[in-house]
Amino acid sequence: MKKAIIVGLICIISALKASAQQDAAVTQYIFNGLYINPAYAGYKEDVYVQSYYRSQWVGLTGAPRNFAIAIDGTVNDNVGLGAMLTNDQIGAQTAVSGYLNYAYRIRVGQDEESRLAFGLAAGMMQLGIDGSKLHSVTQGDQAIPVGSQSLVLPDAHVGVYYANSNYFWGLSATNLLASLSNANSAANMLVPIPKPHVYLTAGTYIQMNNDMRFKPVFLIKDDMRGPTTMDLNAFLLFNERFNIGGFYRTSVKLYPKNNLQSDLTQRNSFGLIADIFISPSIRVGYSYDQSLNKVTSYNAGSHELSVGFYLNSRNGITRSSYRCYKF
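Residue numbering for the sequence shown follows the numbering used here, starting at 1 and increasing by one per position.
If you're looking for bench data, these hints aren't it; they were derived computationally from the structure. Be careful, since some hints might not be right.
Here are the in silico distance ranges between beta carbons for each label pair [claimed, not checked]:
(1) PHE214 / SER132: 49 to 55 Å
(2) ASN210 / THR61: 46 to 52 Å
(3) ASN210 / LEU305: 28 to 34 Å
(4) GLY109 / ASP130: 30 to 36 Å
(5) LYS294 / LYS253: 18 to 24 Å
(6) ASN312 / GLN126: 30 to 36 Å
(7) ASN268 / VAL152: 32 to 38 Å
(8) ASN312 / LEU200: 30 to 36 Å
(9) PHE214 / LEU180: 38 to 44 Å
(10) ASN258 / LEU305: 35 to 41 Å
(11) VAL307 / HIS135: 35 to 41 Å
(12) GLY109 / VAL152: 40 to 46 Å
Beta carbons: idealized from backbone N, C-alpha and C, even for Gly.
Turn these sequences into a full structure, and let the hints guide you.
In structure tokens form, the structure reads like this:
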């Protein structure tokens, strides 16, 4: 009974908050920054294809499911290009989007080995809600759609990304057009309209010995309305083939938000992440995370699986070499 009540509340809250949908959580963003920052396009310089699937709160009806596939590479020394498709589901809500990414990359520093990139992603998103999956508390509630509703909107992301041999940082913003476009026609619809999100991430790379490196990374995600989320990650890299680490995710209060409850419970979780090269051109990643709140009692955690392929070899790197880039 308690589980049914929680599921019902999630559906109701999803409907009421449909106009303020948040970006999907991605635990393995560190292995492909393109998912959160268009300026990352071309960072690896190889043509790289990666896909991931995330099943959140396994066992809980209507829990989030996310799928994405991305490809990026360089055209020349200064230009990186990419493309990305995503499909997100939570309860009765769906969001399918596609983007083309452009990054202009500049060599900086005395040795010109550091890179500063500016990126732009432009695309479309189709947002929808299936009324047949919603159950009204009041019989015949006219606010609940009988069938499906959908809306197609243009969208854009922007970002900046810097990396050298020791550390990186990135700043990006997503959903810049979707929340502004076609707002009037969506006023009477329960279709979820994403709000702009800001991402700040940084990390460093420390060589422990010839075979082991240490990589701490953090990510701050904020939509200016809901709770700000911070991920703290730490990885060990062995023989440039195997990454293993853990993370802790929590809500933080960086600045006052008038529309946010003062006594809102923090959304905490922790988990493990592993990434391994099964061949010089193929890498597989897996992560598991578990909530540290009341939802824990009603689900079996969250699972995320990723697979990546390098499709070419840049100068100086043979196909027999493991291309385990620092960031």
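Numbered hints the structure breaks, given as an ascending list: Failing hint: just 4.
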